[in-house]
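Here are the chains, one letter per residue:
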Amino acid sequence: MNDLIGLVDWSRAQFALTAMYHWLFVPLTIGLSVIVAIMETIYVRTGNPRWKGITKFWMTLFGINFACGVATGLILEFEFGTNWSNYSWFVGDIFGAPLAIEGLLAFFMEATFVAVMFFGWNKVSRGFHLASTWLTALGVSLSALWILVANAWMQYPTGMEFDPAQMRNVMTDFFAVALSPVAINKFFHAVFSAWTLAGVFVIGVSSWLLWRRRNIAAAKSSMTIGSIVGLAGILLTLWTGHGSAVQVARVQPMKLAAMEGLYHGSVGQDLVGFGILKPESSRTAEEPMLFSVDIPYGLSYLIYGNGDNFVPGINDLIDGISINAAGDTIHGLSYADKILIGKQAQDALRRYADARNAGDEAAMAAAAADVKEHFPYFGYGYLPSPEAAVPNVSMTFYAFRIMVIAGGYLLALFVVLIFLCRRKPEVLEHPWLCWVGMLSIVIVWVCSQAGWVLAEVGRQPWVIQDLMPTTAAISGVPAGSVKLTFWIFAAVFTGLLIAEISIMLRYIATASKGDIETPKH
Amino acid sequence: MEKLELLQAYWWLLIAVLGAALVFLLFVQGGQSMLYCRATKEQRQLMVNSLGRKWEFTFTTLVVFGGAFFASFPLFYSTSFGGAYWLWMLILLSFVLQAVSYEFRRKRGNIYGTRIYDGFLMFNSLFGCVLLGVAVGMFFFGGAFTVTKTNILDASAPVISQWAPTHGLEAIFCWKNLLLGFAVFFLARTMAALYFINNIGGDAELTARMRRKVLVNGLIFAVLFVAFLVVLLLAGGYRHFEGQLIAEDYIYLHNLLGMWWLAAILLVGVVAVLYGIFRAAFDSKWRAGIWYAGFGAAAVVVVLFCIAGYGGTAYLPSTVDAASSLTLANSSSSEFTLTAMSWVSILVPFVLAYIWYVWSKMNASPLTEKELEGESHQY
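As you go down the protein sequences, you meet chains A and B in turn. Residue 526, in our numbering, is where the first sequence stops; the numbers in between run on with no holes. Residue 1154, in our numbering, is where the second sequence stops; the numbers in between run on with no holes.
Don't take each hint at face value.
[Unchecked claim] What follows is a set of in silico ranges between Cβ atoms, one per label pair, in the way DEER data are often shown:
1) B/W1118 <-> A/V447: 57 to 67 angstroms
2) B/W1118 <-> A/P186: 19 to 29 angstroms
3) A/W244 <-> B/S1140: 42 to 52 angstroms
4) B/S1151 <-> A/R50: 19 to 29 angstroms
5) B/R881 <-> A/G132: 29 to 39 angstroms
6) B/G888 <-> A/W440: 27 to 37 angstroms
7) A/S271 <-> B/A784: 52 to 62 angstroms
8) B/S1140 <-> A/T46: 20 to 30 angstroms
None of these hints come from the bench; they were simulated from the model. Since this is a predicted model, take the numbers as computed values, not measurements. Built from N, CA and C at the ideal position, the CB exists for glycine as well.
Turn these sequences into a full structure, and let the hints steer you where they fit.
Dropping the structure here:
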C-alpha cells in the first residue's frame, strides 16, 4: 500500500510537472499567434512595410516558444497511457476521442500552416501567407478546444454510461461531451487568458525596448496592439471565469468550498476578498481564517445572482447538509453515505463478474441493475474516509486569490496603457512605467499557473469526478521508475526553459539594435 | 460482418495508414543521422533546413497516431504504454529533444551550443527509429503482460494491466524486435537520401553523394527487412476462435496467404521500394525516388499492420497468458465511439488535400544555398 501511495504521488508529480511546463509555453503560443495575425493583417491592409518588420519580430519570438510547447505537449498526451493506464481503460472510450480529433483537426493545421508562416514570405502570395498565419492561430485554438473538452469531461463526466461487462465507461452522447457547459466555459476561459498573457508579454518586451530607447515607434505600436488584445482578453477572461465559477458550484461544490476556505456555509454567504488561512494544525471549521476581508453576501450573489441562497461549506458537504429557501436544514447524502453506495456499486460489479463467469444470466442482470443504481458514487468506494474527498484547501484557496488579484491588476494595467498609448504616448517612455511593464510578465505567468493549480488541485482526489480517484487510475510501474523519469523530465524541461528564455532575451537584444521596422528579407 | 467488427477493421486500417505515414515521414530522422557525415558547412545547413521544414509533420503524425490508438483501441494504449514504460519513455524523450533542436540549434544564446542540439537530433534519429520499430515488433512477438479487469475492484492493487518487471527493456533487447528496429532506421536513412535528392538543388556533389547513400543504406535495409520477414512468417501467434485465443504456428504466413490481396500489396510495395532505390542510385537525373520508395514503404507497413490484427489475430500477444492477448475485438472502443470517430474521419481527405497543396506550394522548387541566404528564418 505504501508503494501504491508513493507511485500515485510520483505519477501526480510527473503529470503536474509536465502540465505546468506545458502551460508555461502554450498560452503564449495561443495569444501571440492572434497578435501576430493582427499585425500581419495591418501590414496587408495598409501595405506599410514597417508592419511587416514588426510582424516578423514577434513571429520569431513565437517560433522560439512554439517548439517548447510542442515538445511538452507530446509527453502530456502519452502520459495518460504510461502513468494512468487504468484511467485510459476506464474512460478511454470517451476521453480518447477528443485527443484524436485534436490531433487530426488541429495539429495538422498548425504543422502545415506554421511552415508557410515562417518560410512562405517569398514563396506564396501576401493573401495566402496572411491566411496561413490566421489558420495557424485557428489551429492552435482548436487544439486548446479539444484538450479542454477532454479536461472538462474529467471534471464533469457526462454523455456516458458504465458497461459492467467491459468494466469501463462508454460514450452515449458525443455532443453532450463536446458541448458541455463546463467544457465551453473552460475553453473560452483558457483561450482568453492566453490572449491576456500574450498581451502582457508584448507589453513587457515593448517596455524593455522603450527603457533601452530602441525602436521606440515599433515598441509603441506593438504595445498598442498588445494592450488592446490584452484588455479584450482579460475582460472576456473575467466573464468566462464567472461562468466557470458558477459551473464549479454546480458540479464540484467541494472545489468551490476549498477555494473559499469555507467549512460551514450559510444563506447569504460572504465572499473572502482577501484573507490568510490558519495553519492546518490549528485550523478549526468554525474559525478557519487568521483574518479576512469579506464581501457581504458576495459568494451567494456571485454564484446564484442573489443573496438568499445557501452555499455549502466543506463540512456541510461531508455531512450532506444544506439549507432551503425557508431556512430549514435539509439532510441529504453525506460522504459516508456515498462511500457506502460506492462500495455497494463495487460489490455489485464483483457479483456481476462472478455471475458472468458462472454463466448465470439472471444474476448478471440483477447485479447490472445494482451497478447502474449505485454507479454515480462508484469512486467513493475507493476512499478510506469522507475527509479523503477534501482537496488541499490552502493551495486551492491561495491559487484562487492569486489568480483574481493578479487579474484585477492586469485589467488596470491594460486600461492605463491603452489610455497612455492613445493620449499620452510620451509617458510610456518613463523608466518606472517600463519596469512596471516588464515585471508584469512575471505577474501574468504566475496568474496563469495559479488558474491551473486551482482547477487541478481543487478537483482532487478525483481524476474523474465522483467516479475514479487518482489512486485507482495509475499504471503498474514501480514508484522508483516514475521517480527517475520525473527527475529526467524536470531536468530536460528546466534546461529547455532556460534555453528558451536565453534565446529570446538575446534575440530581443540583438534584433532591437537594428531597425525592427525594416525587414531584411 | 457485424457493424462493430467492420468499425474495428476500419479503425485498424486507419491506424495502419497513420503508421505508414509515420514510417514515410521518418525520413526526417534518417536525415538527422547524416548530419555528422562528411559535408561542408553549407551542405550541412542545406540538409538541416531542408529537414527542418518537415520535422513537424513527423512529430504531428506521431501524436495523431497515439491519439487515434487511444480513441479506437484504449486497452492497447492502457496496456502497452503503461507496461512497456521504458520503451515509450525513451521514444518520447527522443522526440522532445528533437522538437526544440531545429529552432534552437543555431540561435544565439542557446546556452548548450549547436553540437549539443545536433547530438539531440542524432539521439532522436537512432532511438526514435529503432525504438518505434521495436514497438511495432511487439505487435508480432508480444510482451510479458496480463490483463485482469477485475483488479480495478481491489483498492490496494487496482492496476488492470500488469507487465514484466523489466517494463519494456526486455522488448528493447529482443533481437527480433531489434531486427525490425534497425530495418526501420536504415529505411529512414534511405528515404532521407532520396528526400535530399528531391528537395535540395544546386549542389551536384551533395546529390551524387546522396545517390551513393541511397544504394548503401537501401541494401542494408533490404537485407534486414528480408531477415525480419523470414522470422515473422515463421513465427506463431494467437487467433481468436469461438471466444478463446488459440495458439497457431505460422499465423502471419497463414494471414498473408489467406488474404491474397495483402500479399499482392506487399509485392507491389517491395517492388516500388526497390525501384525507387535502384533508379535513384543509378539514374543521375531522376529525383522522384522518394515518392516511389515512400509509397512502397507505406504499402508494406499497411500490410504488416493488417496481418498483425486482421482475421482475429492477437496484435499484441501476451507471452505469459494467452487469454490476456489483445485483439481488435477485445481492445477496441465501443460501437458508438467508433461510429462517432468515423464521422470525424471523413475530414481526413480534406486534411490530406491541404497538406498536399501547401507541400507542393512550398516545394515548388528545390532548396538552394541562394534561397537560404535570403531567408530570415533559418535553422
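### Range agreement (Cβ of A/R50 with Cβ of B/S1151, hint 19 to 29 angstroms)
holds (22 angstroms)
### Task
With 42 to 52 angstroms as the target window, see if A/W244 and B/S1140 comply at their CB atoms.
holds (49 angstroms)
### Query
Within 27 to 37 angstroms or not, the Cβ separation of B/G888 and A/W440?
holds (33 angstroms)
### Query
Would you say the C-beta atoms of B/S1140 and A/T46 sit inside 20 to 30 angstroms of each other?
holds (28 angstroms)
### Task
Could you check the hint for me, namely that B/W1118 and A/P186 are 19 to 29 angstroms apart, CB to CB?
Between B/W1118 and A/P186, where Cβ atoms are some 23 angstroms apart, the hint holds.
### Query
CB of B/W1118 to CB of A/V447, is that within 57 to 67 angstroms?
Violated, at about 45 angstroms.
### Query
Can the suggested window of 52 to 62 angstroms be confirmed for the beta-carbon pair A/S271 and B/A784?
Given range 52 to 62 angstroms: holds, Cβ gap about 59 angstroms.
### Query
Is 29 to 39 angstroms a correct range for the gap between the Cβ atoms of B/R881 and A/G132?
With a Cβ separation near 31 angstroms, B/R881 and A/G132 satisfy 29 to 39 angstroms, so the hint holds.
Against the hints set out earlier in the document, a violation occurs for number 1 only.
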